[in-house]
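Engineer: Chain by chain, the residues run as shown.
2 protein chains.
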Amino acid sequence: MNDHQPLSSPLLEAAVTELSRLPGLGRKTALRHALYLLRRDPEQAQALGQALIDMRLGIKYCSVCHNISETEICPLCSSPARDGSTICVVENVKDVMSIENTGQFRGLYHVLGGVISPIDGIGPDQLEIESLVERVKSGEIREVILALSATMEGETTDYYIYRKLSPMGVEVTQLARGVSVGNEIEYTDEITLGRSLLNRTPFGAAFRR
Amino acid sequence: MNDHQPLSSPLLEAAVTELSRLPGLGRKTALRHALYLLRRDPEQAQALGQALIDMRLGIKYCSVCHNISETEICPLCSSPARDGSTICVVENVKDVMSIENTGQFRGLYHVLGGVISPIDGIGPDQLEIESLVERVKSGEIREVILALSATMEGETTDYYIYRKLSPMGVEVTQLARGVSVGNEIEYTDEITLGRSLLNRTPFGAAFRR
Chain A
-12 MNDHQPLSSP
-2 LLEAAVTELS
8 RLPGLGRKTA
18 LRHALYLLRR
28 DPEQAQALGQ
38 ALIDMRLGIK
48 YCSVCHNISE
58 TEICPLCSSP
68 ARDGSTICVV
78 ENVKDVMSIE
88 NTGQFRGLYH
98 VLGGVISPID
108 GIGPDQLEIE
118 SLVERVKSGE
128 IREVILALSA
138 TMEGETTDYY
148 IYRKLSPMGV
158 EVTQLARGVS
168 VGNEIEYTDE
178 ITLGRSLLNR
188 TPFGAAFRR
Chain B
-12 MNDHQPLSSP
-2 LLEAAVTELS
8 RLPGLGRKTA
18 LRHALYLLRR
28 DPEQAQALGQ
38 ALIDMRLGIK
48 YCSVCHNISE
58 TEICPLCSSP
68 ARDGSTICVV
78 ENVKDVMSIE
88 NTGQFRGLYH
98 VLGGVISPID
108 GIGPDQLEIE
118 SLVERVKSGE
128 IREVILALSA
138 TMEGETTDYY
148 IYRKLSPMGV
158 EVTQLARGVS
168 VGNEIEYTDE
178 ITLGRSLLNR
188 TPFGAAFRR
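In the order they appear, the protein sequences are chains A and B.
As numbered in our numbering, residues -12 to 196 make up the first sequence, in order.
As numbered in our numbering, residues -12 to 196 make up the second sequence, in order.
Hint data in this document are derived by calculation from the structure and do not stem from the laboratory.
There's no promise every hint is true.
It does not matter which identical chain is meant; a pair holds if it fits inside one copy or across any two.
Unchecked claim - Lysine-lysine pairs mimicking DSS-like chemistry, simulated, CA-CA at most 30 Å apart:
id: 1; residue 1: Lys15; residue 2: Lys47
id: 2; residue 1: Lys15; residue 2: Lys81
id: 3; residue 1: Lys81; residue 2: Lys151
id: 4; residue 1: Lys151; residue 2: Lys124
id: 5; residue 1: Lys81; residue 2: Lys47
id: 6; residue 1: Lys47; residue 2: Lys151
id: 7; residue 1: Lys47; residue 2: Lys124
id: 8; residue 1: Lys81; residue 2: Lys124
This is chain A alone, in the form it adopts within the complex (with noise of 0.2 Å):
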């Protein structure tokens, strides 16, 4: 298929447009997409149809951690079972997600909303780090864990919310640096072999939790 030929309906041709504005979906998997709604039952279209609707309009950030929510504080941090006194700062919502999948961690989540990176034009203003300072400044907060992605912009955030954070009394943490489980040390950059070293635990610690 050509993809610059445009479609003979209109109707096709707007649905497939939209598809394929979504991220790494082309007009190829896009027309795969809608001829497949078209040979099955209406219902199907509209349900996905009127769940994308509304989502984007019932969804909205928490007030206090900026993930996202139906209310206006979402469920984690209204929820008694969390430990309020641990902040676990994240980059965005799908972090959120896959710390709350390891089932490891029991306080509440800051979603900065990115990390800052001047090549991209993202400052710390652009991010939600006041908020996070207020937070800690306001709340019974013990421990800040850091757990912002181990590349350049994200050290670099890391560092920003440490100095900003330090001289407020409370303990700042990021995640452990070290081997991905399940890798081989021959296949093992050397800065993370040399971050894993430094920060060589007792054996069997993991074990014993």
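Based on the hints, put chain B in the right spot on chain A.
Structural biologist: For chain B alone, kept in the frame of chain A given last:
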């Protein structure tokens, strides 16, 4: 991400579930699309959702050729510029697009809706074969071109249609089988090679047209 872990937001969960019902689109990709839409203007999700609904409700099938159409009779069937004496028989709507994109055909189409496949429980009655016979019976059809897949099922269907139509005095032809343009002989399978020898054409015939 655990694929079976429900998401914290029911609205997000509904959108991801509906998206992942599209063919070849897993839950991870569905989540990526949904989170992407959450980061964009509400108008984009609205446009996508509405386009899918409008498409499904607005597109019907042409009562003559069974191609998709927004009108009772599709633009191809009602166009005076098309040659009404030739019908190209295809499996599905996508095949009409592919053949239209070649720019080599000016006749009309007939969309069967599949091929005969006993293993999938698809017999001649599930396909638009009877309506093709009716078209040939009632119209001034000179030639029917069979453009079905070169598979066992496609050729079975070709033969079935040929048996139905040949007593009616219409010419029944089939797409040429041969070496794909751009392919090396070394990598062409022997059945195709055999067919391409049997159906060899005068050298340069394609250029002279």
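Engineer: Take the hints in turn and mark each one as holding or not.
Structural biologist: Comparing the hints with the structure gives:
| no. | hint | verdict |
| --- | --- | --- |
| 1 | Lys15 / Lys47 | between (33 Å within a copy, 21 Å between copies) |
| 2 | Lys15 / Lys81 | both (27 Å within a copy, 11 Å between copies) |
| 3 | Lys81 / Lys151 | within (25 Å within a copy, 58 Å between copies) |
| 4 | Lys151 / Lys124 | within (11 Å within a copy, 84 Å between copies) |
| 5 | Lys81 / Lys47 | within (15 Å within a copy, 39 Å between copies) |
| 6 | Lys47 / Lys151 | within (28 Å within a copy, 61 Å between copies) |
| 7 | Lys47 / Lys124 | within (25 Å within a copy, 61 Å between copies) |
| 8 | Lys81 / Lys124 | within (26 Å within a copy, 61 Å between copies) |
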